[in-house]
Structures are given as structure tokens and as C-alpha cells.
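Enquirer: What follows is each chain in one-letter form.
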Amino acid sequence: KNEVEQSPQNLTAQEGEFITINCSYSVGISALHWLQQHPGGGIVSLFMLSSGKKKHGRLIATINIQEKHSSLHITASHPRDSAVYICAVLGGGADGLTFGKGTHLIIQP
Amino acid sequence: DGGITQSPKYLFRKEGQNVTLSCEQNLNHDAMYWYRQDPGQGLRLIYYSQIVNDFQKGDIAEGYSVSREKKESFPLTVTSAQKNPTAFYLCASGRQAFDEQYFGPGTRLTVT
Chain A
1 KNEVEQSPQN LTAQEGEFIT INCSYSVGIS ALHWLQQHPG GGIVSLFMLS SGKKKHGRLI
61 ATINIQEKHS SLHITASHPR DSAVYICAVL GGGADGLTFG KGTHLIIQP
Chain B
1 DGGITQSPKY LFRKEGQNVT LSCEQNLNHD AMYWYRQDPG QGLRLIYYSQ IVNDFQKGDI
61 AEGYSVSREK KESFPLTVTS AQKNPTAFYL CASGRQAFDE QYFGPGTRLT VT
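Sequences listed follow chains A and B, in order.
The working numbering puts the first sequence at residues 1 to 109.
The working numbering puts the second sequence at residues 1 to 112.
Since the hints were derived computationally from the structure, they do not count as laboratory data.
Check before you lean on any hint, since a few could be wrong.
[Unchecked claim] Taking lysine-lysine pairs in the DSS-like style, the calculated list, with each CA pair at most 25 angstroms apart, reads: (1) A:1 with B:9; (2) A:68 with A:53; (3) A:101 with B:9; (4) A:101 with B:14.
Just so you know, these numbers come straight off a predicted model, no measurement behind them.
Sequences and hints are given; from them, build the entire structure.
Expert: This is how it looks when you write it as C-alpha cells:
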């Protein structure tokens, strides 16, 4: 079964800082998801990627299949980016997605 | 206005009672999923359905049951056999199995 590790677990930064959240997994996958969960609990899908890089607004996601690693970057961070960011992988022998425990991000004004 | 709805947002039950959580989607998605989230843990898959009238157990199906009689609906019943039912339950859907998933707002179940 795939082991998904995220780092850091908690991150507090100042508004405007460049943020990087990392995700590594143990077994080859077919796709990786980045999700955002706000304090109310609702989850939004940010990216699904299987190679290379994707960009949406101030968010950038990259994946290195050989190194079994993905990063989520936030440029010009803002307090509204405060949330839990979750990495989930598809494949590696499991039925469905395997989720990381999440990175709790707080952006202070 | 397409999306996934879950109701209710908060649910309280006494131990020993079965309870059914609602999940409806109007996205015309074939696949639907139920996840459980506990503090400090990643989401875990309870059941999933790739098509109407078909569903499969996920990693933690014991004590739960589902049905998929309509494409739009995938209700989850938490039975009295589930030993630790208090948790946050999330429903999701996708165009096909394990494609990008769209999540509902969740139901927080408390059993005392």
C-alpha cells in the first residue's frame, strides 16, 4: 500500500511569502491530487496531475515521477490561503485514492 | 448550479441507532465515493460506486452500508456495528472512477 507523507505538517508564514508544501509517496502512481480544505470542512480540488507542472492563478503544482515527489507552491500568499492542503495519490495497488494527513497553513497579515 | 450536496451538516445520534447520511449530485457523474476523516488522519475510503446499482468496499467498510439506486444519489448508512462512528464524513463524485473528484461540504456525525 502506498505511504503518502506531507511536509511540513504545520506552516505559519507572513502575507506575501512564497509557500512550498511537499508530498512524497512510496509506490508508483497514475495521478496525484492536491486538495484544499477550509475550516468549515469543505474540500476543493486544486490540481490533478500525472507529470510535469500545472499552474492556476497563484498556485503551482509540480510532480517528479522518478523521485515520487510533488510540490505545491503558493506565490504572494494571502490570509485567505489559510487552509489545510492535502495530497492524495491514485494507483500503487490501492482501491482509490490514498491521502496524506495534510499540511495546516496559516498566513498572517 | 451544479454541485454535490450533503445533508445535514451536523448530525447527533445515540449509540445503537442506525443513521443515514445523504449525498446528492447533479453533475451527471458516474462515480461516487464516501470518505471518513478523523483528527490527525488522512481521509479514508469507506465505499465507492463506479456506476448505478454497483458499489465496492473501500478500506474501512465494516459497519457501513450504501446503495446506488439512482445516478444522482449515494446514501451512506452508519450502522450500530460501527464501533467509532463519530467523525466527519465526506462524499465526492467524479466523471469516471478515480478521475478528478468533486467534494461535498461534509456531515459531522456525533454519536453519544
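Enquirer: So if I understand the rule, the pair passes when the alpha-carbon distance is 25 angstroms or less; does residue 1 of chain A with residue 9 of chain B pass?
Expert: violated (32 angstroms)
Enquirer: Within a Cα-Cα threshold of 25 angstroms, do residue 101 of chain A and residue 9 of chain B meet the stated pairing?
Expert: holds (22 angstroms)
Enquirer: So if I understand the rule, the pair passes when the alpha-carbon distance is 25 angstroms or less; does residue 68 of chain A with residue 53 of chain A pass?
Expert: Distance of about 14 angstroms is within 25 angstroms: holds.
Enquirer: Given the hint that residue 101 of chain A pairs with residue 14 of chain B, does the C-alpha gap stay at or below 25 angstroms?
Expert: Distance of about 29 angstroms is beyond 25 angstroms: violated.
In terms of the numbered hints stated before, the structure departs from hints 1 and 4, listed from lowest to highest.
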